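Asker: In case you want the letters, here they are:
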Amino acid sequence: MSGNLRRGAVTLPILTSAWRLIRGNPAIWAILGLLIIFSSIVPERFLSSGNLIAILKNFAVTSMLAVGPTFVILLGSIDVSYMGIWMFGGALVWLLYPYLGLASIFIYPIFGLLIGLFNGVLHVKAKIPSFILTLAMTAVLAFLTTYVRNISGVLTLTVPAYNFLRESPIPYLPSPFLLALPTIAISIFLMFFTKLGTYLCAIGSNEEGAKLAGINVEKYKVLAFMFSGFLVGLGSIAIFVHLGNQTRVDFDPSELVRGLAAIVLGGTPLAGGMGGPHRTLLGALVYVLIFNGLFLLPGVDPNHLKLYIGALLLGAVVIASKALKGALIA
Amino acid sequence: MDIQKQLLEAKNISKTFDNVVRALDAVTIEVRKNEILSVVGENGAGKSTLMKILVGVYPPDSGELYHIGQRIPFPRNPIEALRRGISIVYQERGVIPHLKVYQFLFLGLEEKFTRLGRLQLEKIIGIAKSVFDELGVRCDLGSYMYELPLSTQKMVEIAKAILSIRLAIGDSGAPDITPIIILDEPTAPLSIEERDELFQYLLNLKKNNSFIFVSHIIPEVMKFSDRIYVLRDGKLVAHHDLSVEKVSEEQLFREIVGRVSYYELYGGHEYGRAEAEGRPIILSVRNLTKKGYYQDITFDLREGECIGLFGPAGCGKSEIAKTLYGELLADSGKLIVDNKEISIKGEPHSRLRRGIGYFSGETGKELFLYWPIKKNVSIVNFEKIVRSPLKIVSVISFKAEKILAEKIVKKLRIKAPSVDTECYSLSGGSKQKVSVGKWLERSPKILILEDPTIGIDVGAREDIYEVLLEMKKNGISMILVSDDPKEYAILCDKIVLMRDGKIQKMYTNEEFKKVMEL
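Those protein sequence lines, which keep their order, are chains Z and R. Numbering-wise (this note's numbering), the first sequence opens with residue 1 and increments by one. Numbering-wise (this note's numbering), the second sequence opens with residue 1 and increments by one.
These aren't lab readings, by the way, just hints derived from the structure by calculation. Errors might be hidden in some of the hints.
[As the list claims (entries may be wrong)] Calculated pairs, DSS-like style, for lysine-lysine (alpha carbon to alpha carbon, straight line, at most 30 Å):
no., chain 1, residue 1, chain 2, residue 2
1, R, K402, Z, K195
2, R, K407, Z, K195
3, R, K345, Z, K219
4, R, K384, Z, K195
5, R, K340, Z, K125
6, R, K123, R, K112
7, R, K33, Z, K125
8, Z, K127, R, K410
9, R, K33, R, K5
10, Z, K127, R, K345
11, Z, K219, R, K399
12, Z, K195, R, K411
13, R, K334, Z, K125
14, Z, K195, R, K410
15, R, K235, R, K52
[Claimed, not checked] Which residues of chain Z face chain R? A partial, calculated answer using Cβ under 10 Å:
no., residue
16, P43
17, E44
18, G209
Every value quoted in this text rests on a predicted model; they were computed, and no experiment measured them. We put the beta carbon where it would ideally sit given N, CA and C, even for glycine.
With the hints as extra help, turn the sequences into a complete structure.
Answerer: This is how it looks when you write it as structure tokens:
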């Protein structure tokens with residue numbers, strides 16, 4: 001009797017905290033559902049070790065584009081300069097490799113930080129809407145990347161010297177995934193263990209109140225853009241390695257959508273105020289699982305995949321903005 | 001009573017919401033021809049409900065309506081009210097900034113000026129011109145609404161109300177009716193000069209129209225009305241005809257807030273006041289001026305002292321509080337905190353660094369409703385809950401955060417299951433306690449209080465007063481701005497009486513209580 005009671009007392013808090021976790025992050029349901037569906041329809045192909053490794057790689061790429069900008073979206077602003085930072089940052093690595101050697105990979109986070117600072121100052125001081133500003137930034141940087149490729153007369157901007165980074169020291173864990181871990185760790189740390197996360201949520205949910213609580217709103221807005229750029233730059237190293245030590249040289253809008261999709265699917269509303277990088281990680285996993293699973297299904301034309309994903313995103317945005325309003329509070 | 005002058009009479013109007021809240025209890029008011037009639041009362045006294053019944057937004061539970069002696073049914077919607085010659089100008093959200101003046105004037109009235117789907121602009125502009133000439137509104141019809149000064153925007157809104165009535169009556173072919181325009185707190189966002197301008201305009205229009213003026217700004221009500229009705233808790237408590245009797249501002253004030261003495265309210269419990277004389281001066285305000293709001297404000301605040309800025313709404317007291325906290329910029333003057341002059345152009349975060357905190361009772365203004373209690377507490381207390389093991393980064397200690405919040409919850413007797421409870425589920429009083437509680441541990445040098453206990457019950461009020469008085473005893477200075485004289489009597493050592501943006505007089509607590517008959 002007493003033994004039962006004691007066991008009940010131990011299991012109950014675990015259950016309640018697990019329930020809170022699921023309630024606060026509806027994307028967990030989607031992940032569990034997708035795992036069950038795909039592993040029961042196409043078990044051999046979906047659960048093969050090759051496919052699971054591919055999922056991890058794609059998860060790394062998707063989340064690295066999306067984790068940084070989540071901090072800006074918390075504010076209620078938006079940052080889509082990640083495409084530009086990823087593309088042109090890689091071009092810079094390629095350009096500077098002859099001078100800096102292996103250290104030139106660190107250009108990525110530094111460049112991201114500078115672009116973030118530029119975006120932030122322009123957004124806050126000149127009051128330019130963040131979407132237009134950062135989209136223009138991506139357009140300019142994407143153009144510059146193509147331009148660098150064109151004038152240097154090469155096909156790709158590849159730096160073969162980083163080939164050692166492609167070898168993973170741990171079996172089954174691909175190196176892009178391992179390279180993504182520092183970015184994930186830093187973003188979670190910033191969100192939950194420093195005042196930055198709280199302040200950004202405060203500004204996003206009640207800017208007037210944040211101001212009255214003595215928060216330097218302008219400063220933290222600029223900081224959000226800076227961390228966004230920095231994390232995208234750091235994360236781009238993982239994408240760089242994943243693509244074979246090269247950067248993308250042609251602009252593809254579906255890559256731009258990918259980042260925003262992970263954020264919205266994860267449950268950080270574009271209006272800001274709640275959510276965070278933890279949700280974006282879950283959202284990235286949802287996105288990758290859908291893409292990967294549909295690709296494996298018999299009878300699904302791979303050429304139509306982007307269409308399905310687009311339709312799904314539309315649905316997710318509608319649901320996230322309406323039905324889950326109450327459930328998404330954290 | 002002169003039946004010739006009577007225009008509209010609403011008799012014995014009662015209204016109950018959800019069968020519980022009695023918003024109006026057998027209220028009778030009468031509107032005469034060519035007058036400015038004021039309806040005054042505190043928030044929640046029933047002013048707005050009464051006006052909404054007159055324009056057909058709510059149906060009354062009971063009551064009768066007479067128009068020039070003839071019984072008529074209550075309007076069922078604003079259009080019917082227009083046909084009876086009644087229109088309302090709401091306090092805010094009336095003006096659409098990006099419409100041109102004539103577009104706004106005819107918004108919703110275009111139907112009559114459309115031929116084959118084309119708007120007859122020449123006709124519209126022609127009518128707009130003649131209406132503005134007749135009513136004395138001076139502005140360019142082609143400019144956008146947002147380009148006009150606030151007072152002119154209000155005038156255009158009033159002209160729109162008159163025009164709507166005319167067009168509606170013209171339809172039904174009724175005889176010439178004197179329009180009744182209801183103005184719901186029209187002067188709230190205006191500066192002192194703009195208010196005077198608006199009232200000159202109203203006095204001019206009085207010969208063809210009647211106005212019902214809903215307000216709680218006493219001096220202007222006294223200056224410009226012909227008659228005043230006072231509402232309190234849904235009942236009509238007083239009626240003054242200023243052409244036959246004289247009323248003092250103090251009398252009107254007492255009628256509005258009621259005569260309950262604060263000894264009755266707080267069980268005769270006398271809160272101790274700290275001896276502040278001789279303590280060091282913590283804040284000196286010198287010749288602080290913001291054009292149109294306040295002028296030449298000079299006073300000293302000592303350590304552990306509370307000074308109340310008292311006066312009718314619109315006297316500039318809340319603007320001064322906002323300036324001290326950095327929300328509003330002053331034009332000139334000096335601010336000296338702790339013997340150091342600080343910029344008068346600071347922002348809230350730089351003021352907080354100098355030790356000036358802010359607390360308002362308006363829930364939702366500074367509380368994050370969907371956050372747990374502990375996060376709302378930590379937002380100003382990060383220095384208290386972070387640890388720096390590596391000396392470079394500060395890491396939040398969740399344990400310290402929880403302990404801090406629990407301490408405050410316990411001290412303020414906040415009724416909540418835990419510090420993880422989200423604030424929206426708390427009662428109004430508890431929300432306010434969380435709001436004020438976060439300053440307990442932060443201990444600013446000066447706390448600016450704006451309506452600290454607005455809209456909460458007596459028990460919660462007492463708890464908040466207790467906390468504030470304890471903070472005061474610990475040496476925190478305060479500046480209070482409120483609408484409730486009892487609050488000043490409880491919290492303040494000195495009370496500065498303000499009027500029209502200027503300091504009139506300085507009372508001690510005892511003198512103040514005597515004057516207010518508390």
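Asker: Could you run down the list of hints and mark each one as holding or not?
Answerer: Status of the hints after comparison with the structure:
1. R:K402 / Z:K195: holds (15 Å)
2. R:K407 / Z:K195: With a Cα-Cα distance of about 21 Å, the restraint between K407 of chain R and K195 of chain Z holds, given a limit of 30 Å.
3. R:K345 / Z:K219: Judged against 30 Å, a Cα distance of about 17 Å means the pair holds.
4. R:K384 / Z:K195: holds (12 Å)
5. R:K340 / Z:K125: Holds, at roughly 29 Å.
6. R:K123 / R:K112: Measuring from Cα to Cα gives roughly 11 Å; hence the hint holds.
7. R:K33 / Z:K125: violated (54 Å)
8. Z:K127 / R:K410: Since the Cα atoms of K127 of chain Z and K410 of chain R sit roughly 44 Å apart, the hinted pair is violated (cutoff 30 Å).
9. R:K33 / R:K5: holds (5 Å)
10. Z:K127 / R:K345: Within the cut-off at roughly 20 Å; holds.
11. Z:K219 / R:K399: holds (28 Å)
12. Z:K195 / R:K411: Cα-Cα ~25 Å, so holds.
13. R:K334 / Z:K125: Since the Cα atoms of K334 of chain R and K125 of chain Z sit roughly 27 Å apart, the hinted pair holds (cutoff 30 Å).
14. Z:K195 / R:K410: Holds, at about 24 Å.
15. R:K235 / R:K52: holds (16 Å)
16. P43: violated (41 Å)
17. E44: violated (45 Å)
18. G209: Constraint on G209 of chain Z satisfied, holds at 4 Å.
The structure does not agree with the numbered hints 7, 8, 16 and 17 stated previously, though it agrees with the rest.
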